[in-house]
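Colleague: When you get a sec, could you build the whole thing from the sequences and use the hints?
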Amino acid sequence: MDSSVHLDNVVMEFGDFTAIQKTDLKIESGEFFSFLGPSGCGKTTILNMISGFLDPTHGDVKIGGQGMRGVPANKRPTSMIFQNLALFPLMTVAENIEFGLEVRGVSKGERKKASDRLLELVALEGSGTKKVSELSGGQKQRIAIARALAVEPQVLLLDEPLSALDLKLRQHMRIELKEIQRKTGITFIYITHDQGEALTMSDRVAVMSAGKIQQVADPITLYRDPKTAFVASFVGENNGIKGCVTQLNNGIADLDCGVLGHLQGRVQSGVNVGDNATLFIRPEHFRLAAENNMLTIPSAIEEVNFEGSYLTLNANTQAQTSLSIQLGSHQYTDSLVKGAPVSLSYRAEDAVVIGGADHV
Amino acid sequence: MKSETILRWSVRFYIGVFFLYLFTPLIIMGLATFNDSRFPTVSPWKGFTLKWFSALAEDDAMWHALWISVIVAVGVLVVAVPIGICCALFLSTFQGRGKTFLYSLMMSPLLTPGVIVGISTLIFWKGLSVSGGVMLTVIAQTTFIAAYVMLMVLARLQRFDRTLENAALSLGATQWQAFRRILLPYLKPAIISAAGIAFLQSFENYNTTLFVKGYDTTLTVYIASKVRTGLTPAVNALGLVMISITVILAIVYEVKRRREQSIHS
Amino acid sequence: MFSQLKARFGSSLAVGILGMIAIWLLGMVILPQLLMVDYSFRPNLFPSEIGGPKDVYSLGNYETLFSNLIHLKIFLKTIWSSVLVTALTLLVSYPIAFYLAKVATPRQAAFCLLLLVIPFWINEILRTFAWYIILAYKGPLNAMLLGLGFIDRPIRFLSGDGGVLIGMVYAYILFMIFPIYNAIESLDSNQVKAARNLGAGWIRTHWRVIIPHAKPGIATGCIMTFMLAAGSYAVPSLLGSPGSRWFTQIIYNWFFEGGDWNQGAAYAFLLLIICIGFIALVMRIFKVGLGDIAK
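Residue numbers (our numbering), protein chains in the order written: chain S, 1 to 360; chain Y, 1001 to 1265; chain R, 2001 to 2295.
Derived by calculation from the structure, the hints in this document are not laboratory data.
A hint or two may mislead.
Straight-line Cα separation of at most 27 Å, DSSO-like style, residue types lysine-lysine; simulated pairs [claimed, not checked]:
{"hint": "1", "chain 1": "R", "residue 1": "Lys2215", "chain 2": "S", "residue 2": "Lys62"}
{"hint": "2", "chain 1": "S", "residue 1": "Lys227", "chain 2": "S", "residue 2": "Lys183"}
{"hint": "3", "chain 1": "Y", "residue 1": "Lys1099", "chain 2": "R", "residue 2": "Lys2006"}
{"hint": "4", "chain 1": "Y", "residue 1": "Lys1188", "chain 2": "S", "residue 2": "Lys130"}
{"hint": "5", "chain 1": "Y", "residue 1": "Lys1099", "chain 2": "R", "residue 2": "Lys2215"}
One-sided excerpt, in silico: chain R residues whose CB lies under 10 Å from chain Y [claimed, not checked]:
{"hint": "6", "residue": "Ala2110"}
{"hint": "7", "residue": "Ala2136"}
{"hint": "8", "residue": "Ile2279"}
{"hint": "9", "residue": "Leu2281"}
Far from chain S, by Cβ distances over 10 Å, these chain Y residues were calculated [what the hints assert, rightly or not]:
{"hint": "10", "residue": "Ser1037"}
{"hint": "11", "residue": "Leu1102"}
{"hint": "12", "residue": "Pro1185"}
We treat Cβ as the ideally placed atom computed from N, Cα and C, and that holds for glycine.
Modeller: Shown next, in the form of structure tokens:
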């Protein structure tokens, strides 16, 4: 079955405010797709457009190729898991799961079968007669999933469903969600401000900022080849150094970074000699000693934090900018103290140059 | 520290006097029922009797008035509760210009003296050639009792999580199903309480009823007329019975309400 | 308006909701009041004369009040006495409300509240009747005072306005206590402690910290009490004497003894104006909005 979701040139305006700028995006059938962005970036608005709680001002949402304009939420082949889960407090667990079938007029016996099967899927067999208030946070989470799956949606919409859980449970539920998605083969559309969730579970991620999709890519590409300064600094940690492009050579750009001298990094299309640009280097790509073909930034250690399996450093450059560095903890030595000079080195192919210095 | 102690004891004394003030009248009224005196009093005490209860039981006019009161109260319940619920639903849904005005308008019957509610109803329906009686009493009482119902339902509605409705819709329920299966069960305790209050308010009402009752005397109006003409301790007997019933109901209601509150908090 | 309701409840339910509200607000609240006002500006005519040349708007019914000194006196007395009842009730209620909200332990408060609620559930007529027995010429209060030697002859409590005032304070006290209690209860106890800690005496703490916080509750209580007192028919008719009539009794007489509804409507409208005026005054004094009232 085609359960793709196509945001066909949608625009969402609330009065004078444009919540979603013109967006054209196709989410494939059976894909685990995430929208990642800070709060207020418009990701919830997108979810509401797909679920049918909102209709876009322009354009249309197509599910399985069908235009959805004017189709209300209760008639769409989607179901949603809410941030606060929204389990019905006055119903039992089984009644919650069966609710969607009940309103469709499915017989009692069929409903019972379905809820038993779903309780098994979420590993909560025999909990059907419990009250919602008797469940733990993680169990509530699973019931919410079971309830949403009971109506056999083509697309499951998840609105930050893990945000209420504690860290351990959250990490566990990530694996479980991914597993359920694999078993059911339904398209999952996931909304989160937590990049860890987006990167670990998703096939593809759309990073959003201020009502605009910045980049759509699989997690590894997103991390390695951010297209915009926003993505570079929002996804993972990053150090940005501003400069002016002086040379372009085989996909490597040379930047004049003032007192820091000339630094280099990988460059994508759309950057020309003479442009302002920002060089992004991830903390884990720094080394403390220069090796072959490495570029160095002379700095002084400002702060050292030992975090167990790794250690983080803050260093001040001659340009008075602060860089953060992450090293494996086996690299710790007694010489790493405040004020000690270090030659921070990196490979040009590990750094990314993105046009426009005013973003950061 | 010493002045604190004095303060504390004077507060306690005040509280004691206050509750004495609150309950003495009711107790004296109750006691007067059993006094074998032609006139309701406790001084002088002329001996214990139960005859006023049997006098009450034989009072046909009283039984008729009680019947009228019940009919009116049920009528008010049937009309005022749905209106109050509708107003609460409206206020919890509608956002925009005019909401404060409408809210004030809906509250206004509670801030209007009861006699005026009665008078305006009487005049309005006179124009439609309807004169006082059970029907006008129901209408006049509904005017302000609906506002009580609205406040009680609204109080609960304001704690309702509207994503529950969205969840129901997202699972394929129609708006009616979401209302029927999710919102209404949630509101049920408040609706039951409001219905109880509406019934009681109607039963007790005097100021409004007096103007619209026509020839249909309710129990409260009957008691008032008895106090002014032909007062005997039979009125006390009636009062004692009514107080006993209301006190029992009040305690049951309060205990139930507290229990529910402690479960939810 | 309709679209928001329709989005939530669907069209049929939305129509039902708006319909019910319209029936209530138009048919029971607005139109009857307007018609009453209309009535009050017309002369009292025979049915055959209605719509005829005599059926014109005039202030005649209002002039009656100012030309009839007895009515005017009762009108002013009703206002003044209702203010007095309100002030007395506030004075009696405030310490109780404060005690329940901030001094009593939760158990004590719960018990006291239950005790308070019980008389509240009991019929106003019966509560008033109880005072009728107590205050009677040969009643227990006189008997007690005589027995204790405080007085030589029984006092006629029920001949003046005294009985009415006592009965009204008693009948409406809960409408004062509960709003104030709710308001004080929402005050953070630490604020009281902080004020005490900073050296403020009890009076100053109440005047500067607690009363300002309880303002909406006090305003609600005062408005309710005044409205109930000024509009009361039950208490003055049971506890008053022919010499101490209440304005509502005059209104009643116009309707059911004088048979002049137009005149009665004018008096009723004046009573309503006084109540609205009092509400406006209280809201101005306490600087609270209509939205804060009756929460």
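Colleague: Hint by hint, note whether the structure agrees.
Modeller: Here is how each hint holds up against the structure:
A C-alpha spacing of about 56 Å is found between R/Lys2215 and S/Lys62, which places the hinted pair above 27 Å, so the restraint is violated. Restraint check for S/Lys227 and S/Lys183: the C-alpha separation of about 33 Å exceeds 27 Å, so the hint is violated. Restraint check for Y/Lys1099 and R/Lys2006: satisfied, since their Cα atoms lie roughly 17 Å apart, inside the 27 Å limit. The straight-line distance between the Cα atoms of Y/Lys1188 and S/Lys130 is roughly 21 Å, inside the 27 Å bound, and the hint therefore holds.
For the given pair, Y/Lys1099 sits about 24 Å from R/Lys2215 by alpha-carbon distance, which is consistent with the 27 Å threshold. With a least beta-carbon distance of about 7 Å to chain Y, the hint placing R/Ala2110 at the interface is held under the 10 Å criterion. A least Cβ separation of about 6 Å between R/Ala2136 and chain Y falls short of the 10 Å threshold, and the interface hint therefore holds. For R/Ile2279, the shortest C-beta to C-beta distance to chain Y is roughly 6 Å, which falls under 10 Å, so the interface hint holds.
Given the 10 Å rule on beta carbons, the hint for R/Leu2281 is violated: about 13 Å separates it from the nearest Cβ of chain Y. Interface exclusion of Y/Ser1037 from chain S stands, the closest Cβ pair being 56 Å apart, more than 10 Å. With a least CB separation of 23 Å from chain S, Y/Leu1102 remains clear of the 10 Å interface cut-off, as annotated. In this structure Y/Pro1185 is not separated from chain S by more than 10 Å, as the shortest Cβ-Cβ distance comes to only about 5 Å.
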